[in-house]
Structures are given as C-alpha cells and as structure tokens.
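These protein sequence lines map, in sequence, to chains A and B. With full-length UniProt numbering applied, the first sequence corresponds to residues 1 to 571, in that order. With full-length UniProt numbering applied, the second sequence corresponds to residues 1 to 231, in that order.
These are computed hints drawn from the structure, not numbers from a lab. Even for Gly, the Cβ is constructed at its ideal location relative to N, Cα and C. It is possible that part of the hints are untrue.
[Unchecked claim] Across the chosen pairs, the derived CB separations fall in these ranges:
(1) B:Gly-86 / A:Gly-297: 36 to 44 Å
(2) A:Gly-523 / B:Phe-103: 49 to 57 Å
(3) B:Leu-74 / A:Pro-155: 46 to 54 Å
(4) A:Ile-51 / B:Ser-5: 30 to 38 Å
(5) A:Lys-552 / B:Phe-103: 28 to 36 Å
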Amino acid sequence: MNAPTPALVAPRPERLRLVGQRRQLLALMHQRLMFGMLVYAGVIALIALRILYLAAFGDHAGRKVGLTTLIPDRGDIVDRDGEPLARTIDAWIIALHPTKVIGSKLELARNLARLMPEKSEEQYYALLTSGKPFFYLRRRAAPALVEAVNALGEPGLAVQREPDRLYPQTSLGAHVIGYTDIDGHGVAGMERAFDGYLSDAATRGDPLILSIDSRLQQALEHELLDAMTTFSALGAAGIVMDIHTGEVLAMTSLPQLNPNAAGQGSQEARFNRATLGVYELGSTFKPFTVAMAMDSGIIKSFGQIYNCPDALRAYGHTITDTHPFGRPCTVAEIMKESSNIGTAQIAAQVGAQRQQYFLGKMGFLGPVKIELKERARALTPGNNWGPLEVMTVGYGHGIAVTPLHLATGYATLFNGGIYRPATLLKVDRRHPPAKGVRVFTEDTSYRMRALLRLVVTQGTGKKADAPGYRVGGKTGTAEKLLNGHYTSSAVVTTFAGVFPMDEPRYVVVAMLDDPKATADTYGFHTAGWNVAPVISRTVSRIAPMLGVHPNKTREPNMAEVLPFVHEKAEH
Amino acid sequence: MSARSFRSVFMVASCAGAALGCYLVSLRVASERASLEDVETKIVLAQRDLRVLQTEIGTRGRLAQLERWNVKVLALSAPSADQLLGGSFELARLARPERKVEFDAPVVLAAAPAPGASAPIGEPAADDTGKVPASNPRALFHEASLKISGTREVPAKPAAVPPASGLKSTDAPAAAAKPDKKKSVDKPGLAAAKPVTKEVRMAKVDPLAPLQAKPATPTVKKTPKDSAKTQ
Numbered sequence: 001m002n003a004p005t006p007a008l009v010a011p012r013p014e015r016l017r018l019v020g021q022r023r024q025l026l027a028l029m030h031q032r033l034m035f036g037m038l039v040y041a042g043v044i045a046l047i048a049l050r051i052l053y054l055a056a057f058g059d060h061a062g063r064k065v066g067l068t069t070l071i072p073d074r075g076d077i078v079d080r081d082g083e084p085l086a087r088t089i090d091a092w093i094i095a096l097h098p099t100k101v102i103g104s105k106l107e108l109a110r111n112l113a114r115l116m117p118e119k120s121e122e123q124y125y126a127l128l129t130s131g132k133p134f135f136y137l138r139r140r141a142a143p144a145l146v147e148a149v150n151a152l153g154e155p156g157l158a159v160q161r162e163p164d165r166l167y168p169q170t171s172l173g174a175h176v177i178g179y180t181d182i183d184g185h186g187v188a189g190m191e192r193a194f195d196g197y198l199s200d201a202a203t204r205g206d207p208l209i210l211s212i213d214s215r216l217q218q219a220l221e222h223e224l225l226d227a228m229t230t231f232s233a234l235g236a237a238g239i240v241m242d243i244h245t246g247e248v249l250a251m252t253s254l255p256q257l258n259p260n261a262a263g264q265g266s267q268e269a270r271f272n273r274a275t276l277g278v279y280e281l282g283s284t285f286k287p288f289t290v291a292m293a294m295d296s297g298i299i300k301s302f303g304q305i306y307n308c309p310d311a312l313r314a315y316g317h318t319i320t321d322t323h324p325f326g327r328p329c330t331v332a333e334i335m336k337e338s339s340n341i342g343t344a345q346i347a348a349q350v351g352a353q354r355q356q357y358f359l360g361k362m363g364f365l366g367p368v369k370i371e372l373k374e375r376a377r378a379l380t381p382g383n384n385w386g387p388l389e390v391m392t393v394g395y396g397h398g399i400a401v402t403p404l405h406l407a408t409g410y411a412t413l414f415n416g417g418i419y420r421p422a423t424l425l426k427v428d429r430r431h432p433p434a435k436g437v438r439v440f441t442e443d444t445s446y447r448m449r450a451l452l453r454l455v456v457t458q459g460t461g462k463k464a465d466a467p468g469y470r471v472g473g474k475t476g477t478a479e480k481l482l483n484g485h486y487t488s489s490a491v492v493t494t495f496a497g498v499f500p501m502d503e504p505r506y507v508v509v510a511m512l513d514d515p516k517a518t519a520d521t522y523g524f525h526t527a528g529w530n531v532a533p534v535i536s537r538t539v540s541r542i543a544p545m546l547g548v549h550p551n552k553t554r555e556p557n558m559a560e561v562l563p564f565v566h567e568k569a570e571h
Numbered sequence: 001m002s003a004r005s006f007r008s009v010f011m012v013a014s015c016a017g018a019a020l021g022c023y024l025v026s027l028r029v030a031s032e033r034a035s036l037e038d039v040e041t042k043i044v045l046a047q048r049d050l051r052v053l054q055t056e057i058g059t060r061g062r063l064a065q066l067e068r069w070n071v072k073v074l075a076l077s078a079p080s081a082d083q084l085l086g087g088s089f090e091l092a093r094l095a096r097p098e099r100k101v102e103f104d105a106p107v108v109l110a111a112a113p114a115p116g117a118s119a120p121i122g123e124p125a126a127d128d129t130g131k132v133p134a135s136n137p138r139a140l141f142h143e144a145s146l147k148i149s150g151t152r153e154v155p156a157k158p159a160a161v162p163p164a165s166g167l168k169s170t171d172a173p174a175a176a177a178k179p180d181k182k183k184s185v186d187k188p189g190l191a192a193a194k195p196v197t198k199e200v201r202m203a204k205v206d207p208l209a210p211l212q213a214k215p216a217t218p219t220v221k222k223t224p225k226d227s228a229k230t231q
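Go ahead and model the full structure; you've got the sequences and the hints to work with.
Spelled out as structure tokens, the structure:
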C-alpha cells in the first residue's frame, strides 16, 4: 500500500543517473562520429593529395614507356672508319608449335613444303605429328616468306622477331671478326675475345672499333684469293700492319668463311692461318739473322765476304742453295740471292744464345701476342737447339711461327728496332699504343732498308716491286714436312714486304700454302713467282689509300749495298 | 548584405581559382613533356629504321660485291705511280707544250714586208692561179731562199719534208698546194736534182701562213702516194 512512496522518491536519482548516462553516451557517440569523420576526411585528403601529386608529377593515361636511347642487344663491331662489320638486327623467325595446330596437319605440311622447300612434305608432316611442343622452321626469314606464312592463318605457326647477328660484309675479315653461336655469344675472333664488352649493357652502346680498314682488307683478300685460285694453293694468309703502332690494318685467312653461316663452313675455312697456323717460313728469316749479326758486331759492312761453295757440309747434313754462287760472296749478295749457305755461316757466328735472345725479345718463342684467343705458340727446336739448329733457324727452317709473328718481327726490324705486340683495336686516345721494347739498334734498322730493297730491285723478289712505292722485302720458300720428310713437291711460299722503304710505314706479309707451278711461272713454285706478285698488286692498290705517295725518284740509301753486288742475277 | 559577409566565399573562390590555375599549368607541363617523349621515341624509332636500312644498303653494296662488279664489268685498276700527282704544279707541268727543235722550220727573216712589196719579186711566189695573199710573208721567204739555190725549191726528198705542224694535206692553204703539184708533176726530175739541193733544206709549207677555207688550186691532182706521205 504504501509501497509507492519509495518509488516516488527513488526515480529522481534514477533519472539523474539516466541523464548522466545519456550525456556520456552522447559524448562517446560524438567522439566516435568525430573520429569517423576525421578518418573519412583523412582518406579524402589523402586521395586528393595523391590526385594532385599525380596531376603535377605523375604519368598520364596516354603515356607510353618510350625508348630514349638505342642500345642494341649486342654491341656493333666497326672498322677503323666506322664501317659496320657486325651488327645485331631484329630478324624474323618462323617457328612451329605442333600441339597448337588446329587445322588439317596434312594440308599444313603441304603448304609448308611449298613455301619452304628445304624440307619435304613428309618431313613437315612428321614434325607436325611428333608431339613435341616447338620447332624452329626458319631463322632470319625473308619478309615475303613471313607474310606468306602469316597468311596461312594457322595458330600453330609462330612468326616473331628475334635479335640476330648479321655480318654485312659477309666473308670480309671473317677470321678477325669471328662469329657467334645461336645464343648470341661469341665463339671465334673478336666476338669471342670481347664477348663481355659486346654483351654488357653498360658498354654495348658503344661500338667496338677495330684497327682493320675494310678497303685494305678487301684488296688483300681479293689479291690473295686470286693467287690462291691461280696456283691451286690449299690456303693462304695475309697481313697488313702499321709498323709504328702495331695496328693490324688487314688480316685474312683463306679459304673464305661466311660468318653469317659459320656452321656451314668447313673446318679448314674456320681455321685462322694468320694467327693459329704455324709454318716454317723459310728465307724470310734471313734478315733477322743478318740484323742479329750486325747488332752483335759480327757484320760491320754489307761487303763482308763469306765463302759460298755449291754445298756446305755441316754436322752431318748438307746445306744447298737454289742459286749456288760457288765463290766467295758478300752479305749483300747472300741476301739478294737468298743463299742458305751464306746465312747458315752468319747464324753460326751469331750462336745459339744470341739467336734465342733476339728471337725471344721479338716474341718468336711464345704465343703470338694479339687480342684474339685463336693464337698459336711457335714451334722451336727447344732443348735441341744445337749448332745445326742454329744454322737452320738462321734461314728459317726448324722453327715454325705464325704469319703474324713474322709481320711483328718485320715491324720490329724496320720501325727503328722496337718490338710492339700486334693489336686489332684502333690506336687512339682511348687505346694508346703498347709500350715498346728495344730489340735492334736504330742503326741496324736503318741499314737493313737498303738490303731488303736490293732483294726487290735486283734479287729474288723482283716481281714484288710496285713502281713508285719502294717495296722492300724478302721471299721465303720452305719445303713442307710430309710424313716426317721434307719434300720439294709441297712448299709454303711467303713474302714479307715493307713499304715505302726509304721511310718504312707498313709491313705486308702474304703466304700461300702449297701453291702449284703453272705454265706462267715456267714450272717454278718458289715465292718469287707466286706470292711476290700478290705483294706488288696489293701494294699498288692499298698504298694510295694509306696516303703513301708514289715517287719513282726516291730510294733508301742504296750506296750501303750496291757497291757489294758483283754480278747481276741470272734469272 | 555587404561585401564583408561574402568575404569567406570570395576567399574560397579565389583559393579554388588559384588551385585550378596551378593544376592547369601542371597539366600543360605534363602534356608537353609527354609530347616531347613522343618525339624522342619517334627519333629513336627513326634511328632504328635508319640502322636497318643502312645495314641493308651496306649488305647489298658490300665490298666483295663491288669487287665482283669491277672484275666483271668495270675493270678498274689501281692507278699507276705516274697517274698520281703531287700537286697543282705537277698538274700544270703536264699541260706544258713539248718543245721540239724543228730542223725543217722556215727561215723567217726579221724584217717586215715593205708596203709596196705585196707583189712577189721571185717567180715562184705567183702560183698557178696567180693569187697571192696581200700580207703573205712567204714573199720574203722566197726572195731569201731562192737566191741560195738556182734550182728553185725542188725538194731533194719529198718524203723527208714533213708538213709543218698542224697542216695536213687535206686542208693545206693555197701556198701549200704548189709543192704538192711539183712533187707529182716533176717527179722524173727529182733524182737529177737530188745531189744539188741536198744540203739546202727548205720548208714547203709556211706554218705562219693563215689557213684558208679551201685549196686555191683545185686543179692539182694528188696521188695517193703524196697524201700518204704528208699524213
């Protein structure tokens, strides 16, 4: 009954409590609301800022990822004038995915055989039904063929572009440039030696500049190939080199090789005779022997007399000459007529120790120095370097070197006596010439000019003369070693020439491997008949390009040798 | 309602306007940059095309191919030493006329013809047609030479008397016609006259005489032998 009393009193604090709670709740809600608003505002502000940032600094929708520089997949190789020798281009390839073929396989095989007749219809059908996922049908396809294949509309046929190495000059300088494998890595020549430089993204933008001059290279290759064909030689090698810097301006090895299809070339064609082939280069060594003797003080004048009998017995062997004197003769005559007997006696005076010293300094006892990886080491008598070997090495037998060794040696002999390794990179500010090592004295180098000019004006190398260009040099005919015996039926003929002889600048070496005699050479197969004319023709072609001015009145100081030549050559 | 009450509105509007202006500027910059990049990309693509074309031209015109054409068609060869000159002086030297001592050249006296001396004094100056050029220096010449030999100018050896430089028998001047006639007509007499006139050799043709359009003596008949000799 009186129960409500407390109830009348009680609600007040209850209500008050409720009001306090509501206010708290409201404040909490306000807080939450504010927080949510702030979050929204923050997100919106973030988005707005981002939009503004993008508007100011960002990409726009139409923006393409542009090419800003042209960096090929593999660096170019160019010659010294910037003419491209090797380039990477995008070539079309045609590939086949047999599993994706949806049309009639027989029909497709028929069409493919019609378009690419290198395989028959049956072979294409066999490929299509083989179940394998991928085949290359053609690499470096012509655009017309690509169009025709595309027109077949078969999803199993893939036509795409792929970087491919192209050698625009085809076989020109193939052994110097080398070639790449199917993955684009160099496997020969400069492609191999500079594989890292050519494929590195940081360096491949700049081309690799070779010291080769493609015009010179073409002239040398053409003349050598001509001689090789005329004399049915097995092979040939040729080098043109700057004697002061050691730059190789042209280097060739025949038979020719097309680096665009290097795999199709024979083993013989891929072999670089100029740096990898070693040959006994015969009488071309004689100037070295004479220079050694001059530097050692043995020969003081080209008039010095040696006894030159018809045959010389030495240590159980007989040394003979092709043009025997049968009388005492001077050093000038020995060189002019290329006398083995006379040179053997000079070499004997020089002795093994000095001979090895000089040959070693010229780099003749080790592998030839050049950037290429295809390098051969000279074959020498080694530990058997006895007195007989000294004599035979003196006239170029019993020691086998590469033609590049010989060119380097002649450069050393005529540039003032300083040895510099050969290089295939253009010598300029970025690539200074190698440091030289003195081998012969300057005086010896100077006096040798007249001696080698005499060989060309009056001696065995008459056919090497290019009128006006003052060619000097030495012929060399070495018998080949067949089945352990030297035979006169197979020879290696060489000519090492230097021009212009009054102020030597370039050395030219040409070599023919096993040339045959022809009617034009009257049955001879010696160097004076087959390889010397190559030098004459090559020098006539290349000297104007090299800026050598022809002059029929200039000669080296022939007073050094002419007084000591007693009779005219009879041939 | 005053401007003061709209101040905030103006502020907002000007801020919005400034922001819009900035945005437009940046938009403009971005689009310019994009178009520049487009151009750069085009340049690179053009360079790539150039490279491809250069490679193709280089491959088609490779040195081995040029050499092959040269061997088959052009047959050009390296210049010989004499064909290369050192400079303009050597070139000028080539054009210099070659100096030859002409033993049969006429003796021209250093005297001018007298004004009234147009008529020849000597008999042979008047040729068959009787026409003598007024200013013919031959008049003097004949006067001088005739007095030396009594046998007129009968040549001892017609073959040994070449025509003076540049005058062929076909376009010889009038004065040149006479000796030809003599040659063909007086042949039998030549052998007899030989020893007499051996040491005195005279030119039959005066190189200084002006050229005439046609021979003044059409009646002169040349034998093939004569024309062969005078070639």
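Structure-based check of all given hints:
1. The given range of 36 to 44 Å is respected by Gly-86 of chain B and Gly-297 of chain A, whose C-beta atoms sit roughly 42 Å from each other.
2. For Gly-523 of chain A and Phe-103 of chain B, the hinted distance range of 49 to 57 Å is satisfied, since their beta carbons lie about 52 Å from each other.
3. Between Leu-74 of chain B and Pro-155 of chain A the CB atoms are about 51 Å apart, so this pair conforms to the stated range of 46 to 54 Å.
4. Roughly 32 Å separates the CB atoms of Ile-51 of chain A and Ser-5 of chain B, a value that falls within the hinted 30 to 38 Å.
5. Between Lys-552 of chain A and Phe-103 of chain B, the C-beta spacing of about 32 Å keeps the proposed range 28 to 36 Å intact.
Taken one by one, the earlier hints all hold for this structure without exception.
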